[in-house]
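Knowing the structure of chain E, use the given hints to seat chain P on it.
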Amino acid sequence: MTRYILQRILYAIPIAFGVSVVCFSLVYLAPGDPLQTILPPDATAETIEIVKKAYGFDKPLPIQFAIWLSKVVTGDFGMSIATRRPVFDEIVMAVGNTGMLVVFAIPLAFSIGFSMGLLAGCFPGKVVDRSVTGIAVFGVSLPNYWLAIVMVIVFAVELSWLPATGMGPKGSDAFSVWRWSDARFLVLPVITLSMIPIGIIARTTRAAIAETRNQDFVQTLRAKGLGEMAVIRHVVKNALPGVLAVMGLQFGYLLGGSILVETVFTWPGSGFLLSKAIVNRDVPVLQGTILVLAVAFVTINLVVDLLQSLIDPRIRRG
Amino acid sequence: MNIQRALLTSLAALGFAQAQPAPANAGGTLVVGMTAGNIPVTTGNPDQGFEGYRFVGYNLYDSLALWDLSKSDRASEIRPGLAENWSIDPENPRRWLVKLREGVKFHDGCAFSADDVVWNFQFRMDQKSPNFFAQQFAYTRAFLTNIKSVEKVDAMTVAFETNFVESLFPYSLSYVLMVSQCRLKALNGDWAAYALQPSGTGPYRFDKFVANQRLELLPNTEYWDKSRVPKHDRLVLLPMPEASTRTAALLSGQVNWIEAPSPDAIPRLKSSGMAVVTNVYPHHWPYMLNHARGPFTDVRIRRAANLAINRADMVEMLGGTAIEDHAIVPPSVAYYGNPPKYTYDPEKARALLKEAGCLPCKVTFGISTSGSGQMQPLPMNELVKSQMDAAGFEVTIQTMDWNALLDIYRAGVDKFPNYDGLNFSRGLLDPVNAIIKQASKVYWAPAGPNWGHYATPESERLSSQIFTEFDPAKRLALLKELHELLGNEAMMIFVVHDLNPRAMSPKVKGFVQAQSWFQDLTTISVDP
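Protein chains in written order, with my numbering: chain E, 1 to 318; chain P, 319 to 846.
Careful: at least some of the hints might be erroneous.
Taking lysine to aspartate or glutamate and the EDC-like style, the derived pairs with C-alpha atoms no more than 16 Å apart in a straight line are [unchecked claim]:
| id | chain 1 | residue 1 | chain 2 | residue 2 |
| --- | --- | --- | --- | --- |
| 1 | P | Lys672 | P | Asp616 |
| 2 | P | Lys798 | P | Glu776 |
| 3 | P | Lys503 | P | Asp426 |
| 4 | P | Lys666 | P | Asp707 |
| 5 | P | Lys672 | P | Glu712 |
| 6 | E | Lys52 | P | Asp725 |
| 7 | E | Lys53 | P | Asp444 |
| 8 | P | Lys526 | E | Asp58 |
| 9 | P | Lys549 | P | Asp845 |
| 10 | P | Lys755 | P | Glu776 |
| 11 | P | Lys659 | P | Asp525 |
| 12 | E | Lys170 | P | Glu534 |
| 13 | E | Lys170 | P | Asp525 |
| 14 | E | Lys59 | E | Glu49 |
| 15 | P | Lys503 | P | Asp433 |
Over 12 Å on every C-beta distance to chain P, these chain E residues come out as not near it, computed from the model [as the list claims (entries may be wrong)]:
| id | residue |
| --- | --- |
| 16 | Arg3 |
| 17 | Ala54 |
| 18 | Thr74 |
| 19 | Gly75 |
| 20 | Thr212 |
| 21 | Arg213 |
| 22 | Arg222 |
| 23 | Lys237 |
| 24 | Leu260 |
| 25 | Val298 |
| 26 | Asp312 |
No lab work stands behind these hints, which were simulated from the structure alone.
Beta carbons are placed, not taken as given, at the ideal position from N, Cα and C, and that holds for glycine.
If we strip away everything but chain E, and leave its shape as in the complex, we get (with noise of 0.2 Å):
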């Protein structure tokens, strides 16, 4: 089991180094200037040039890589052009703050998924099964965007029982999930994430236990006398693999934060962040958000294949 951890931190690093050339790439390859967040409209090729220069960005592309790589190694992530604070504890923060929709909206929908899923991959072809299919390619069809404009309509605006933007009353810093006056500023955000969630959980759990109820080894329980419970019990553990792989893909995606939920809900999450670093062309807080992200979903990946396998040893003996 440990050459088989070792053997995939090793696949992991990488990846990750692919990553960060990637994301720092990428990052050149939009047009605009890296400084326009500073720059004003009217700022002459002079001005451009001293600039360039204060902020490093005057030498060139691989030399620039380098430097950036072995700082972040260390974890220096640079500063913000835009605010000039330290990239790290602007990820840090907003990675801080999208975990704490996820803390929630990951348990609901797996919950609510697993469940839907289990109970139409019981029942295939039964109407439990087309209305449990139905709902899930609604969740997934749904725009989150137009979900959250929704739910603020009519949560907020019109019915007055929610806020409908920001994350407490007073900002992040002063936040507590146990207090009921901060906590209701994550239930819009929190119900939007977990609509499309849902509707992949529920669609990959019911195809999975109606794929396991149809092979041998569950004609041969129910030969043996066992209970359709007890059959149900071995089915779900055979299904869980490919069940615990789509999910941590969605925890992934949804660390990796909405930008538009958060957008729409002035949430200050990673997405929120990676927006305004795209509009303000913040090369450093864009290349640390994406890395760190990355990283993020490497090691959830990582950990659901560990999971996997011991789940299901067949999967360490491949």
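Below, chain P without anything else, positioned relative to chain E:
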């Protein structure tokens, strides 16, 4: 964290939260939803365009010359700020003497003096200055190009020497915000630390900052201009780049003031009892034209383009949040003069194109999908294209993001000769930036903002005379002449001036909307 319990709490919210009202604002707190994507920087001159100056820059800080924002019925002009007065040196027309205001203190208690002024210009201009700050250099460079040196004459007088004679130089003094040297010294020259403990002389002082989310300011009760001590208890600034979010935040009571609601939300806001205010201000939404090559080098084609625009249709599409633009500055500006009015006349436009031998007249415009001051660029450009096409043009629109358009704008027409025009909205605060830079060769991009390389012997003569004319009445006459010339020459395609709509709760009282990019919030009180 007990996730199960927290999850149950969140789910319960949907069913049982009706009793919880939206967070109530304490009496006297003005909460503003800005269009800015982030909190403007607090280290002196701010980012986020002129919105940064409006809400943070001119609230935390003062400049030597300030804008008079007390009237809504006339265009704002500069007035003495931290300078009590300024005058040209009788011996030297390139030397300005600025007498500073006595008894002014920074929020940290340090007294304001000539040393502070010299230091403030040094750290923005001199790369060898120990406190040189590239960010502030970038933000202010465009306003400081004509300053050769700044020197202390005595404790309360400074002298500015310019590179060339410029009678309009005092406008430059309004754009440089005075930062406390004392505070930066106490923080060992650390600008990042200073951003969290800024100190100016402005009507508000810093209170709280949550990165990317909110900035809270308190009234500076010791402010030197007692008539501008804020009448509300607290000012909270929230970045809300999404228009629908700002509208929802106002309607649900989370904020009591929003900038730039979208035109289609205005009827809903009004029906909910919100006050929607508009006023003309020095902004315009034009097409800058390529005067170096292509069809627009012919004045007949430039006039035809202006006659092809049905501005009334555009204003209607924008829900009345704009007025027609027929020259560069709005008519309320003192030097507007009497430029021609380009009344919609597609037949005359077609005749002019035929006369110029350019029918159909193929032109290519670069436009952006969004951007500072660009209003609603996509539907507006589509409307312009359809109107021009109907009058005999064949318009090709090349759409790009704001950053790409900025690159083209800064580089100038020589580097991007394929564009016949750029849709690029502009701030027209002072005559130098509004018209002179568009009329002189010395400002041709990339050395300046004259993208299309417009200049004629007449515009050069007038620009030069304006800079050397120190008699205000004579200078005003020359400015009018130049503005009329640019209008008559149709040096741009003039479309609309934005009216800068903003919406506020009926509890917000006492606001006077100045004809300016900046606004005075100090007069506002908020009912509990």
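Hints, verified against the model:
no. : hint                : in the structure
1   : Lys672/P - Asp616/P : holds, 12 Å
2   : Lys798/P - Glu776/P : holds, 13 Å
3   : Lys503/P - Asp426/P : holds, 12 Å
4   : Lys666/P - Asp707/P : holds, 14 Å
5   : Lys672/P - Glu712/P : holds, 14 Å
6   : Lys52/E - Asp725/P  : holds, 14 Å
7   : Lys53/E - Asp444/P  : holds, 14 Å
8   : Lys526/P - Asp58/E  : violated, 36 Å
9   : Lys549/P - Asp845/P : holds, 11 Å
10  : Lys755/P - Glu776/P : holds, 14 Å
11  : Lys659/P - Asp525/P : violated, 50 Å
12  : Lys170/E - Glu534/P : holds, 10 Å
13  : Lys170/E - Asp525/P : holds, 13 Å
14  : Lys59/E - Glu49/E   : holds, 11 Å
15  : Lys503/P - Asp433/P : holds, 14 Å
16  : Arg3                : holds, 33 Å
17  : Ala54               : violated, 3 Å
18  : Thr74               : holds, 19 Å
19  : Gly75               : holds, 17 Å
20  : Thr212              : holds, 28 Å
21  : Arg213              : holds, 30 Å
22  : Arg222              : holds, 35 Å
23  : Lys237              : holds, 23 Å
24  : Leu260              : violated, 9 Å
25  : Val298              : holds, 25 Å
26  : Asp312              : holds, 26 Å
Taken one by one, the earlier hints fail for this structure at numbers 8, 11, 17, 24, listed in ascending order.
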